[in-house]
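**Q** The primary structure of each chain is shown beneath.
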Amino acid sequence: MTAYLIRRTLFAVFVLWGAVTIVFLVLRLVPGDPAQLILGSDATQEEIAQLRDQMGLDRPLPVQYGKYLSDVVNLDFGDSYRYHRDAMDLVTERFPATVQLAVVATVIALLLGISLGVVAALRVNRLTDRLVSVFALLSQSMPSFWIGIVFILVFARQLHLLASGGKGGLDRMILPGITLALPFIAILIRLTRSGLLDVVHENYIQTARAKGLSERVVILRHAVRNALIPIVTVTGIEFGKLLGGAVIIETVFAWPGVGRLLIDSISARDYNVVQAAILMIAGGFVLINLVVDILYGYLDPRIRLGR
Amino acid sequence: MDHPLLSVQDLTVQFRTRAGTITAVDRVSFDLAEGETLAILGETGSGKSVTAQAVMGLVPRPAGQVTGGRIIYDGTDLLTRPPSEARRLNGTELAMVFQDPLSSLNPVLRVGAQIGELFRRRRGASRAEARRKAIELMDRVGIPAAARRVDDYPHQFSGGMRQRVMIAMALALQPRLLIADEPTTALDVTVQAQIMALLADLKAEHRMAMILISHDLGVVAGVADRAMLMYAGRVVETGELREVYETTAHPYTRGLMASIPELDGPRERLQPIPGAPPDLMRLPSGCPFRPRCAYATDICASQPPTLAAVPTRPDSHRAACHHAEEVLADVVAG
Ligand SMILES: Nc1ncnc2c1ncn2[C@@H]1O[C@H](COP(=O)(O)OP(=O)(O)OP(=O)(O)O)[C@@H](O)[C@H]1O
Ligand SMILES: [Mg+2]
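First to last, the protein sequences are chains L and Y.
Quick note on numbering: the first sequence equals residues -3 to 303 in the numbering used here.
Quick note on numbering: the second sequence equals residues -15 to 318 in the numbering used here.
Treat the hints as calculated values from the structure; they're not laboratory data.
Predicted, not measured: the structure shown is a model, and the values here were computed from it.
Don't be surprised by glycine CBs; every beta carbon is placed ideally from N, CA and C.
Hints are supplied without guarantee of correctness; some may be wrong.
Computed far set for chain L versus chain Y, every beta-carbon distance over 10 Å [claimed, not checked]:
#1 Ala(-1)
#2 Arg3
#3 Val16
#4 Ala45
#5 Ile274
#6 Arg298
Only part of the chain L face toward chain Y is listed, based on derived beta-carbon distances under 7 Å [what the hints assert, rightly or not]:
#7 Asn199
#8 Gln202
#9 Thr203
#10 Ala206
#11 Gly208
#12 Leu209
#13 His218
#14 Pro297
Next comes chain Y alone, as it looks inside the complex (with noise of 0.2 Å):
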């Protein structure tokens, strides 16, 4: 195939508030092919979402703003679109399932008519056909008794069961890229494995591409082909799953997996990164994970790292740390 599916490049997104403009998001680029499933992983506020609103065409105005970049899906350059039609591809070409799918959901709304309405304002579709459909679509994310939920309101939903529904009004016009934000944070550890499975299986039925976002490195091992991991708005690492995983070339990274809650295993084993989240009004000098890092020196406060090739695997997996030979070793090392 000769462009990806869509093509992030260089995408700056801007906020200004109160005490001053912070980049949310800064210089991030990445593709994503037809088919495949890219993970979005990072700290809280570390950028996630508001790449996915910008792709969306959703980052909210008039605080942001892109500023930057370039968002390429199947050949053309969204910003360069008016908003007005560049949001027409929403909902037919990309569609995004959220974090919260209580408040995602319009309270006042059944939820049959907020499933049935893409069909009826985006396909023209009568009304008994849009209900018909909302039935189908319950019925194929797993909702049961759908013929009869259709008339109900969210607050009547479990929270599972909510993000199905938000699941099967993504779906409802077969887009060719899915994001999902967080679509299991807000659920139980239970439920939260089920609801993957059922994306997991969708995306392989409607060979969709898709943004699964995440701050649980964990959740998203089973789904995704790559992995990309944002810290302060930047792309610190990014590769192929696996490459990632087992090869770790970013400390931020280590520390991510250190974090990953095992099941079976023994609870002290969970090490959380030491420090907190960096404030983006007053980022370090040089590379902004420093302060928290243990390989920091000082070559990290004077030059900002790029994301340069990791020897182990050149072509795909990069990673932005002066020390990131370092690291690998010690993660092959155990």
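Chain L with its partners taken away, still in its complex shape (with noise of 0.2 Å):
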């Protein structure tokens, strides 16, 4: 276990790397002057060198590569120019709001997803499994945005029971959360009802009924669990996405989280905490990426254990 999690981890490094090298690239190799870029077409000539010699685009580009990863490692990603403070900390600001609509549509997602591919598979191909199947597949194929506006239309200015946004305590994150849950539900229930019918022709289930247990006990102690085995990487993923899907969400419900200081500062021309929040998300996606592994681990003792 230990050789593995040190493997997961080294691992994890690289791909932090590889999402800080692309931001970097992605500044400095696109046609034209990054400065150019950073302050738009309106800016004057000399603060375009100022900003150029700020930058130290003329020293050769492995040295600012080296400069701009020792700056990164010290999450030093210079100031907002429209706040005048430090875009780390713009950021960090921000996160914990983000993260906490990510994990509350990751717990509805898991109960609701779940519980539904479970009910589909038990039924399938009857009325219940259909009905399932259609919601699934209406829920994955709506635009979270549109669904975000039917959802406050209805809920909030019609009928008044949730509020429509802002931050506040749980309430006004429901809307929101399952907004952006619905596409990660869709894929539970799939995941589910399909692992869970593979799981079912499975010998240990024939064994399980071999020793009398009740179908109920057959289905949710024997079958569930290793069908839950590829649900585990597949809500670490979705966890991730669910960081990044919050851009939109968080516009639509006005919610303060990075995805809309992101937005903002994109069309802010912010360019220093658009890098912040871009290592920030990529950050998170990482990090869950390495507890899923070791989750999957713990679900998966052939894995825990080494082959």
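The task is to assemble the complex, starting from two chains supplied on their own in separate frames and drawing on the hints.
**A** Listed below in structure tokens is the structure:
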């Protein structure tokens, strides 16, 4: 298990390095002058020259890269020109709100997705199964910003049941949480249903039945846990995507997270903040995958104990 | 005693597949007395496992279905009971050991938990009690250091030890009938002998009835009282093991006898039956074994043979072959 963890950690560091390097390359290698790009077309020559000097753009690329890497390691992304504050501080302030939203969405998705998937598998090819499938199809195919707007109109404006936006208590998280969760719910329904239908044909399920265990025990104790193994991986990946997907939902629901900061910063060309936000999201993604790998090992003893 | 422990009568099991419906078990009948061991023998696809599945109520649905017959256990027909009720006999009265012990054990549960859940869920035992009994059983079936290994997972055991775990599980609640479906096929030759010895031992100890399924007539020789040979879902020969082996009356049985590998004999004596096992979707008219049979004549194509008494032991030995007497004469002549 220790060797496995070390391997996974090294890999995580490698992925982060990759993300950092790509952000660097995108900003340096796109055609045109990065300083010009950052300052926009209405900047004066002096402003551009000053920024070029500040960014060290006249020095050779490897030197720039070295300086950039050491800045990143120190989490030094420079200041936001809009707020005149450290870019990373701005992002870290917003990060908990985004994580909170993603966690709520994940919990909703796991609860709904797995139970609906189990129900569909138990009633395979019957009406319940069909209805669940239609629900999954709809959740996946409707654009989330649209669902978000519909939710706001129906539940907040018309029914006054739930708050439509802004940060606050649990009730304010439900609408954006469900909206963000829907595509993930669809994936979980499919994965649980098909996983369970596969697992049910395994020999050890026959063994469980030969032991005279009730069908409920056979499914919940012997089948679901095996069917959940792939779900752990997907949950990790999807949680990472939720961090990114929050960008749109946060905008629709006026949720003050990293996503909304990212969008605002892109439109304001506040590139230092953009860099910091992207790295924060990438870092979160990598960290989650690491946690998932560990969980995966816990669920599947064949991996934990090494073959 | 007034009635056999298990009486299977005209059991028929069909599978609906994309290509059509096949009859995997075709009007199979046999009785099993308390404490008796029956060997069900036959080539691959002959319907041995499906017969066992039917007795355990494990025929995979919805593709498979018992379409006829009766399975009378201890006086009641299991097929007339709702499946959930019939299933309650599993584990307590009927138990089964499967061919591939690795895939038959749940990979994510500790072996102790898999053995122990019989005590916990069927007998309401506490966690500690179930664990203690699991260790006891593992010890009984010859797993070294049982107290330590009880918390291991199936993949940490060798093939032979896994099969011992399966056997411990099957024996946990002291069933009256144990079905072992090719319990040694997935194992090394030396381990095979150990597992067979263990089964014979346990059977004597618990006075269990046993159905021992195999495609290898050699494996069951020391253990079974009676033998039943299956081909294309039908019983083709049945009788006491000695009669069937020594006064064989069906060409198929004779062919299988010739293909028993002898450990000390020369290799070239091994003769598999010519031809391939039949396609259940396209069975020939008359006797299904006819295309592969050296004795086949016109009558074999026109009339399906039925089980009939073999003259040497008409009370117990029966074979379904139009040429049974010729086969018998050839076998006796050597
Ligand atoms: N789940 C299933 N779906 C469709 N057909 C099946 C299924 N299980 C068994 N069969 C068919 O039933 C027939 C009998 O199969 P069975 O497993 O009883 O054979 P067997 O005698 O146990 O052979 P083996 O020695 O290979 O285990 C075969 O033709 C097989 O293809
Ligand atoms: Mg079989």
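**Q** Could you run down the list of hints and mark each one as holding or not?
**A** Here is how each hint holds up against the structure:
Distance check on L:Ala(-1): its Cβ is at least 17 Å (rounded) from any Cβ of chain Y, clearing the 10 Å threshold; non-interface status holds. Separation of L:Arg3 from chain Y is adequate, the least Cβ-Cβ distance of about 20 Å exceeding the 10 Å criterion. With a least beta-carbon separation of about 37 Å from chain Y, L:Val16 lies farther than 10 Å from that chain, consistent with its non-interface assignment. Every Cβ of chain Y is farther than 10 Å from the Cβ of L:Ala45; the closest lies at roughly 64 Å, confirming the non-interface assignment.
Its beta-carbon lying about 38 Å from the closest one in chain Y, L:Ile274 satisfies the requirement of being farther than 10 Å from that chain. At roughly 5 Å, the least C-beta separation between L:Arg298 and chain Y is not larger than 10 Å, which violates its mark as non-interface. At about 4 Å, the closest approach between the beta carbon of L:Asn199 and any beta carbon in chain Y falls short of 7 Å, and the interface hint on this residue holds. Hint on L:Gln202 holds. Least Cβ distance to chain Y is approximately 6 Å, under the 7 Å limit.
Nearest Cβ of chain Y to the Cβ of L:Thr203: about 5 Å, under the 7 Å cut. The hint holds. Contact between L:Ala206 and chain Y, as hinted, is supported at the beta carbon level, the nearest pair being about 4 Å apart and thus within 7 Å. Taking 7 Å as the C-beta contact cut-off toward chain Y, the hint placing L:Gly208 at the interface holds, the least distance being around 3 Å. The criterion of a C-beta within 7 Å of any C-beta in chain Y is met by L:Leu209, whose closest approach is roughly 6 Å, and the hint holds.
The closest approach between the C-beta of L:His218 and any C-beta of chain Y is roughly 5 Å, which is under the 7 Å cut-off, so the hint is satisfied. Given the 7 Å rule on beta carbons, the hint for L:Pro297 holds: about 4 Å separates it from the nearest Cβ of chain Y.
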